[in-house]
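Quick mapping for you: the protein sequence lines, in order, are chains A, B, C and D. Residue numbering for the first sequence follows this note's numbering, starting at 15 and increasing by one per position. Residue numbering for the second sequence follows this note's numbering, starting at 15 and increasing by one per position. Residue numbering for the third sequence follows this note's numbering, starting at 15 and increasing by one per position. Residue numbering for the fourth sequence follows this note's numbering, starting at 15 and increasing by one per position.
Some clues are possibly wrong.
As the list claims (entries may be wrong) - FRET-style restraints, in silico, Cβ to Cβ:
(1) D:D368 / C:D286: 37 to 45 Å
(2) D:G481 / B:E167: 48 to 56 Å
(3) A:D75 / C:K197: 55 to 63 Å
To be verified - With a Cα cut of at most 20 Å, we get these calculated PhoX-like pairs of lysine-lysine:
(4) A:K340 / B:K334
(5) C:K71 / D:K403
(6) C:K316 / D:K316
(7) D:K307 / C:K340
(8) A:K340 / B:K316
(9) D:K403 / C:K307
(10) D:K71 / C:K71
(11) B:K403 / B:K334
(12) D:K403 / D:K393
(13) A:K71 / B:K340
(14) A:K334 / A:K403
(15) C:K340 / D:K71
(16) B:K71 / A:K71
(17) D:K340 / C:K316
(18) B:K393 / B:K403
(19) C:K238 / C:K197
(20) D:K316 / D:K340
(21) A:K238 / A:K197
(22) A:K307 / B:K334
Since the hints were derived computationally from the structure, they do not count as laboratory data. Computed from a predicted model, the values in this text were never measured in an experiment. A virtual CB, placed ideally from N, CA and C, is assigned to each residue, including glycine.
Protein chains: 4
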Amino acid sequence: MGGLFAVVSNEDCVHDLFYGTDYHSHLGTCRGGLAVIDDKEFHRHIHDISNAQFRSKFEQDIREMHGNSGIGVISDNESQPLIICSHLGTYAIVTVGLVNNLDDLSRDAFRRRITHFSEMSSLGINPTELVATLINEGSTFEDGICNAQERIEGSCSLLLLTKDGIYAARDKYGRTPIVIGRKENAVAATFETAALPNLYYEVEHYLGPGEIVLMKPDGIEQRKPPSNELQICTFLWVYYGFPASSYEGINVEAARYRCGARIAAHDDVEVDMVGGIPDSGTGHAIGYANCRKIPYARPFTKYTPTWPRSFMPPDHEVRKLVAHMKLIPVPDLVQNKRLLFCDDSIVRGTQLADTIRRLYEAGAREVHMRPACPPLIYKCKYLNFSRTKTEQDLAGRRTLRELEGGTDNALEEYADHASDKYAAMVDRIRQRLYLTSLRYQNLEDLVKAIGLPKESLCTYCWDGCEGCYGKQMTF
Amino acid sequence: MGGLFAVVSNEDCVHDLFYGTDYHSHLGTCRGGLAVIDDKEFHRHIHDISNAQFRSKFEQDIREMHGNSGIGVISDNESQPLIICSHLGTYAIVTVGLVNNLDDLSRDAFRRRITHFSEMSSLGINPTELVATLINEGSTFEDGICNAQERIEGSCSLLLLTKDGIYAARDKYGRTPIVIGRKENAVAATFETAALPNLYYEVEHYLGPGEIVLMKPDGIEQRKPPSNELQICTFLWVYYGFPASSYEGINVEAARYRCGARIAAHDDVEVDMVGGIPDSGTGHAIGYANCRKIPYARPFTKYTPTWPRSFMPPDHEVRKLVAHMKLIPVPDLVQNKRLLFCDDSIVRGTQLADTIRRLYEAGAREVHMRPACPPLIYKCKYLNFSRTKTEQDLAGRRTLRELEGGTDNALEEYADHASDKYAAMVDRIRQRLYLTSLRYQNLEDLVKAIGLPKESLCTYCWDGCEGCYGKQMTF
Amino acid sequence: MGGLFAVVSNEDCVHDLFYGTDYHSHLGTCRGGLAVIDDKEFHRHIHDISNAQFRSKFEQDIREMHGNSGIGVISDNESQPLIICSHLGTYAIVTVGLVNNLDDLSRDAFRRRITHFSEMSSLGINPTELVATLINEGSTFEDGICNAQERIEGSCSLLLLTKDGIYAARDKYGRTPIVIGRKENAVAATFETAALPNLYYEVEHYLGPGEIVLMKPDGIEQRKPPSNELQICTFLWVYYGFPASSYEGINVEAARYRCGARIAAHDDVEVDMVGGIPDSGTGHAIGYANCRKIPYARPFTKYTPTWPRSFMPPDHEVRKLVAHMKLIPVPDLVQNKRLLFCDDSIVRGTQLADTIRRLYEAGAREVHMRPACPPLIYKCKYLNFSRTKTEQDLAGRRTLRELEGGTDNALEEYADHASDKYAAMVDRIRQRLYLTSLRYQNLEDLVKAIGLPKESLCTYCWDGCEGCYGKQMTF
Amino acid sequence: MGGLFAVVSNEDCVHDLFYGTDYHSHLGTCRGGLAVIDDKEFHRHIHDISNAQFRSKFEQDIREMHGNSGIGVISDNESQPLIICSHLGTYAIVTVGLVNNLDDLSRDAFRRRITHFSEMSSLGINPTELVATLINEGSTFEDGICNAQERIEGSCSLLLLTKDGIYAARDKYGRTPIVIGRKENAVAATFETAALPNLYYEVEHYLGPGEIVLMKPDGIEQRKPPSNELQICTFLWVYYGFPASSYEGINVEAARYRCGARIAAHDDVEVDMVGGIPDSGTGHAIGYANCRKIPYARPFTKYTPTWPRSFMPPDHEVRKLVAHMKLIPVPDLVQNKRLLFCDDSIVRGTQLADTIRRLYEAGAREVHMRPACPPLIYKCKYLNFSRTKTEQDLAGRRTLRELEGGTDNALEEYADHASDKYAAMVDRIRQRLYLTSLRYQNLEDLVKAIGLPKESLCTYCWDGCEGCYGKQMTF
């Protein structure tokens, strides 16, 4: 995934930039970077953060960084920020998103012989450098950003640090957020609004889809108005957004309470306590427990001093180890109990199967599972948000293929929670996971729990809808 | 504070040792260390962990560490483990505790010209090296450990890695725990039982006060039986023990639920939601909310990816920054609400005052506080467990001195929650913190929530009792 | 300055690449880099070597580098190698030289909107990235290299690592050398031939001016023949080439002996011993001493364990410290002695003045100086070979300006060692340095000592000749 | 081997301490350390210097070190300085030497239960900590040092940093040097006098055997007068002392010139040039060449930027690699030439055989070898100065055993350069090395070249003399 943060100020911005970027640490596992302008000179640091926290890696650097404006990034793969020099001048750039047509775009650039790429790694062309070449095709930064947004398939929110201010540009369909914060003498841009209050910024403006603003210490200038074709990622509320953050004005933690409550409202299973699979399941579980007035408890505790991150490292073996190590069961809360858990979602289900097995080993009498979203049937193609490599690994998709003799027949029917096929799929997943009962949140309740219109939310993972702006909605 | 872990196995122990020690990361902020025996040779690594996690610092080292037995430590100040060579042979040692009479003991050793200290730092003599010299005065390891336990004022739990096994010795009064875990072909010793299940160990034996065992791969041999003069630190359950751990067979998380419930049982204030000040307040708050069936919520979220630790760094300015940064308010859950919070305790109250101020700024209508233990009146003298430098800084002590004209009159009366003086003290604290209401847990309920006899728990911080074994108890 | 090395082999090349590059450590002070191709993937490491040796910085990296072909560089300023992806494919590039028209070339590229630069630092555009953009303007690597050589003002020798072999291209006028070495199954390219014998390569071919070859494991293919307009830097033999190396087939150490001998042949001053100012003065001094059969001695020893480098760090204060610390006088060899020293050259003379002062303090009776080249009057404009920042700081230039009332009159006359003006200039330098006698090598003897025709050597620093190919030579 | 340095000053001593210690880098390969007293507190840093220079490892540390007195060490194995606290107070200690009876001494201490050792490593007890325990047996520092000197078999020069000044104590027989240097407001102690002049100290006093002084900023106080039983290591002049240093007032470089000249005086072989095997052979070769007026040349150059050290790393494979890489042949100076080389000594001869082979491969017509000392027959037992593991590996010893049918018969005769057995041994070594001629320096000429009485020099390696003070000398 990745996260980004920017500050322009009348004073030195490094303290705010450092902590503001740091508050995006849960969004990436590989690299972090900071760039500032000091006296018209750019200074940049990039570190591998796969084995250490962002803070510990940059603590030394920031003592020697100075400047009134700067941008920072937590990145999954590529090195960022890049410092680019072109006919537009010198600027630093960070991006969050996914460029699906990277190969086409670079082949096209080579064909026209208008560029080269030097930020190569074993991973190939750096997508952020590619975005920079698209920007460089414009006559102005605004032109260039529009060109990039037009030509990129996928999504790309970005920040450009220039000598005249910082351009903040949200991706064309607003799949990821950028929010402007304000305090006296300084303006910030952030992915997570949770980064703002402890630095004394207040939310000033949620950028709309495709909107471009130029940030200056005394405020923002709109350079391109937003479209109304919002397709923000629903998983921000379900899974990866930070609880204290809000997107489109809607708080994550509160949305999760509502989501859990909506599951609870349909439920009447008798259990002794309700727990959440940390971290994201917790909010849903609290909502569920409060609604039904069943005791909330923590039969699994997460060992945050050591496994603080939410996102999973890309290496499979390491991921398995982390999954095993970070949750510690509390035997006293499990023994002989009827337990109900909320989790954000079931992706492949392998990790969850291990968790459930350990609960039974610890003496659980019953284990009921309530995922906070419907079964995943499609793999995200708009964001770098891959919790599995192939669509076929998704528990929902895999199960329906089994039921359909190895074909992808009747996908729409399986996505409909009122259908028999859906019921069969869910029951088979339940059996495989040895669950006493399994009941997924349905899409309508999920959408209503969040509170945005269905057509403004990307729900592709569940119903394959590729953008339903202007379409007739059933809810 | 500090934590310790040990493994003796028929196979290589480094994986278990590394993760087992890592699960004590919440207990210390400064140093970590590991020592193993490989082919009769000792190998040791010590790192400063004040700016990075234990795991990231040792990840490289453990690739080159091998051996079937080893010990590890998370330490607040001193470098550990030490490798010591004496007439007893060569051994490695780690300790957890506090040696109050360190100066006397070293002066005595110098007077008798029986030793020197070489693990010097700017902090003076390394307490663990001092403990080793006391052990070296014995003819055997057991003798030596007994000598150390007799002569140390304070407390000292320790592990000795020798070629014949690992000695685990709990401090004389059992102020800190050591628990033996067991799996096929391996035996572990741990401070936190939470370190055991993910490494597949089961709790086999809780060491008693002063008990010494020799751990071998196939089991433990008792070398000194426990006394019955247990004085275990109550704060293990109230504040710093990990929720998934148990001491004396009593789980922390469950004890906190009971503690919160006992506060709730006396309470009838009307509020909209109940929250906990992370981390330790959470368990108490859940217990409270469940008891009164008031919605539990998280109006403050802790940013664990970056501020994962519970213990506070010793430097005051850094501590203030961390305190400010690690908790992020969730405005939607605060605005116009009547909030009740459980916290583990109120130490100085300065940090809490800031937290409360921010709640009102975010629009809270009422703020009620329910600390999970009585007012602190005495400063701990048995463990390296200092959350404040002087007794006079304790909110309770400071307030009663104000009420008593700057004297320490009537300490016992102030410690009695039924007295008028107690009520006056609490009310003054409430006013100073701008709380709508303030109600501390009382000592009797706290003791009953934990479930051990009053005489087995050290309650010095609250009632000044220096060890009441055999005394008449009122509850 | 900088140095470069390359290997293509049928086997893993990393060992040879690492040591071969390492043998260029004396040519740069700031950065080192290695790139290899392994299974069609490029792997690269770059380190700051200003505070540590190349070897210690890369020792860890090379354990994980694998590949049959690779390039390495010791660089003064910029990060290298770059890995570039363009319509030519992906390649790695290192360069040695100086691009004087970097600003014009980048402005031109921006005007045509054909590129951007991403390897920015506080130093601005990375010259090696600029060279890459010039190469990318071609339809083939050969085309592109020719384009770069045509358009660069200054000089640029380079190596391109591609999947089909390594292109080695010497700069247009052959100012810096590239030499091809050969052993069974492998071909190397090197700046210093001294890098070859210990890796078992033999010199196969000295690339001529502007020559381009493609190196493959079984030999080289000429892609562009050399011109005959050689202008190789004379200072390679006088000062910075490694003694064991040869350029154009002429060994450095032997050339220095001949150079010293030619000074000696004109000299009859009576002295007790002859010494060299380490490192480069040593060879000249040996030649002098052997010629006149006066004892050679080392009244100054260089402390190589700590100050191993020849090149001076760019920071002035550090340079002064290094200059002071690296030479240790041997009082027994100075006291009451008449000493004659050979040095490679006198640049500004400030450091030499300090050295001479210390000799007198140690009791020297007489100090005679014999620089191995004429007075420096012009500052090099073809290579990144700056031992002073401005032409006016050169001892020769400064002195003649004093004599000419602050003007640069009669430069040619001052460059003529037979003129009165030359004699006046030298005598004034002598006086300022408190030398008993001072006699510079003359240009004719220097040229003859090296053994190449005058027109093939760049002598700009001394006579301002900007390339005299085809001109009438006086010697 | 190892080296040491100390400063007491009225001002901050760190600059002098850092560079003074650094000038001992050629004496050790493994560890370096510094300790200072600042405001009565000790600060210490120790680093592994096996893969990087002392300077680069400590450059960061010294920015935060402050204090008016300090000690530094370059150490072969053990971590130093140690900071020790005993009845004598707190002090830091560094040692140079060899404790042969370390096991006996530690067993004795254990038996008396008077100590323990904590500075353990895989190498066992730290000899410097053992020396500290011997010092701690005294009632005063002087007492303690005398006790240590009495009881240590081997040798031990040491420095003690205390709050009242620095004790400098030369080993009982003066095998290694300690020299006091002086400048205004500061006093230094050094192993190498070469460390003094660039820091503006002048030699004030050469400590005699067993002498102890207390250094204070304004001068030294003698605490124990020297004995007259000097047994200083002859190899200081022959091999490992730095050329610019003097011991007992005798300069190394000048002694090597005299040594080479004495070989030359007996020699009449016709050769084209004389060279030295770097580094130590160089001085001897210059002396030889000057004496016979044969051209001195450098057919082998040492690549000092990368292989700056003289001492060899302990690992055999690494040593072979270094030996191969550090010397670069100059083919032009070898081809078709009759070459004579001086080397400091022939130890095992294996490395030399490789060097000679390469000379023939490069076209040498004749190779004559002149070692600067007699054949080595005994292995040093007084210093940590092992260039071979066993006596049997010494080229001289091995050859005489071959000639004596595997026995050590007639060692004295072989040590006599006038005997037939000596001649047979040398000829056999010559043949094995494919040398055109081989002529060792004889012991009498070596002793006279140095200029101390035979009985003051340790010549054990050559004649097995274990200390001949007061004996009748033949020369």
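Item to check | Violations among the numbered hints | outcome: 3, 4, 5, 7, 9, 19, 21, 22
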